[in-house]
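Both chains are given apart, each in its own frame, so use the hints to dock them into the complex.
One line per chain: the protein sequences are B and P, in this order. Per my numbering: the first sequence = residues 10 to 128. Per my numbering: the second sequence = residues 3 to 111.
Hints listed in this document are in silico derivations from the structure and should not be mistaken for laboratory results. Predicted, not measured: the structure shown is a model, and the values here were computed from it. It is possible that some hints are incorrect.
[As the list claims (entries may be wrong)] Each pair of labels, with its calculated beta carbon distance range:
1) B:TRP124 <-> P:ARG83: 18 to 24 Å
2) B:THR24 <-> P:GLN106: 29 to 35 Å
3) B:ARG86 <-> P:ILE110: 41 to 47 Å
4) P:THR81 <-> B:ASN71: 37 to 43 Å
Glycine is no exception: its CB is placed at the ideal position from the N, C-alpha and C atoms.
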Amino acid sequence: NAGVTQTPKFQVLKTGQSMTLQCAQDMNHNSMYWYRQDPGMGLRLIYYSASEGTTDKGEVPNGYNVSRLNKREFSLRLESAAPSQTSVYFCASSGPERTGIALKGNTIYFGEGSWLTVV
Amino acid sequence: DAKTTQPPSMDCAEGRAANLPCNHSTISGNEYVYWYRQIHSQGPQYIIHGLKNNETNEMASLIITEDRKSSTLILPHATLRDTAVYYCRRYYGNNRLAFGKGNQVVVIP
Numbered sequence: 010n011a012g013v014t015q016t017p018k019f020q021v022l023k024t025g026q027s028m029t030l031q032c033a034q035d036m037n038h039n040s041m042y043w044y045r046q047d048p049g050m051g052l053r054l055i056y057y058s059a060s061e062g063t064t065d066k067g068e069v070p071n072g073y074n075v076s077r078l079n080k081r082e083f084s085l086r087l088e089s090a091a092p093s094q095t096s097v098y099f100c101a102s103s104g105p106e107r108t109g110i111a112l113k114g115n116t117i118y119f120g121e122g123s124w125l126t127v128v
Numbered sequence: 003d004a005k006t007t008q009p010p011s012m013d014c015a016e017g018r019a020a021n022l023p024c025n026h027s028t029i030s031g032n033e034y035v036y037w038y039r040q041i042h043s044q045g046p047q048y049i050i051h052g053l054k055n056n057e058t059n060e061m062a063s064l065i066i067t068e069d070r071k072s073s074t075l076i077l078p079h080a081t082l083r084d085t086a087v088y089y090c091r092r093y094y095g096n097n098r099l100a101f102g103k104g105n106q107v108v109v110i111p
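Extracted from the complex, chain P is given alone in its bound form (with noise of 0.2 Å):
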């Protein structure tokens, strides 16, 4: 049970922002929110986190609701490369929950 929910796939275009939806309506007020993506044959690689605030790093933008229910990951300028399944997660003491089967992700040209 990953305690989050994520489209199955999704595509978007190259040099399009990309927008990957997460539903976490149970999350507790201390709980974070995490984001890896799996590229193909790869381990997953960690993209970013946030707990209330957005966030942004030179991979990504993290915006969490107000009421942290849900978040966006977004990819500013989808590229090839970005092709890949996409997890979120939840975090708080522990790292036992499962993974579940993300959001596979199509950049298309």
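The shape of chain B in the complex, shown without the other chains (with noise of 0.2 Å):
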């Protein structure tokens, strides 16, 4: 059990250029997300997906683009790669949870980052 694993782990593009943030998850969860965080401003939102086939759009979602694969992936991409876009880029995955009948909850797990620099 891998939980949330992206790729790649680093990256550094030029201006203009394109790439995709790869992020699978192993936990069959339905809600997918995709974050950034930058210095000082918390983890922001860029887009969700509360279930396959469907995506929409986060706190801060100018610049990018997602598909929702299927259930297990769900990917970002960044088609003209801005400096304003070098960040640490991370992607989760959420499910309901319960305990018998009874629903615990909906814990939010994370990968572990992807770092992208725009020179």
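Okay, structure coming up:
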């Protein structure tokens, strides 16, 4: 059980280049998320997907696109990278957790992060 | 809008209990309180959550006030490895709420 796996871990891009960050989870979670984290800004939600085939914008979606390829995978694409997109990117997933018939809650599980530098 | 309020930072002494406060005065009856922490350069990690009752696990204890307007995360014997940013969040129905900036906790030897 690997949890949430994201690749690549490090990437340097030139302004205008495109790239895709890949994310996969093996916990059978319905919901998946992409966050970015910048110094002093906390975690900000870029996009999320509540279920396979659906995606919605978060706080900071401009400059990004996402694809929920199947239940396991949720990718984040930068079509034309800009220096302002230099950041640490975290993928995450969550699913309802139950004890018997009782709903326990909905914990978010994060990947290890992808460090992206746009020069 | 994280809908919770935490101090931006705090120090605590190694070996002592660390009490991390969180205000969530507008919380509704079905919303859980979740705590996560993020150690430098790592992805955030779940610590504990609760609804009404106090909760304890191997990592921490969560004390929720009777009116549910605030809670306290207790690290019983803080170690240097507990230095991290701690996030207090609310959950009901979806996880789209912002994480906020959290509380930077530094454990001092």
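Hint check:
no.: 1; hint: B:TRP124 <-> P:ARG83: 18 to 24 Å; result: 22 Å, holds
no.: 2; hint: B:THR24 <-> P:GLN106: 29 to 35 Å; result: 32 Å, holds
no.: 3; hint: B:ARG86 <-> P:ILE110: 41 to 47 Å; result: 43 Å, holds
no.: 4; hint: P:THR81 <-> B:ASN71: 37 to 43 Å; result: 41 Å, holds
Comparing the model with each earlier hint shows no violations; every hint is respected.
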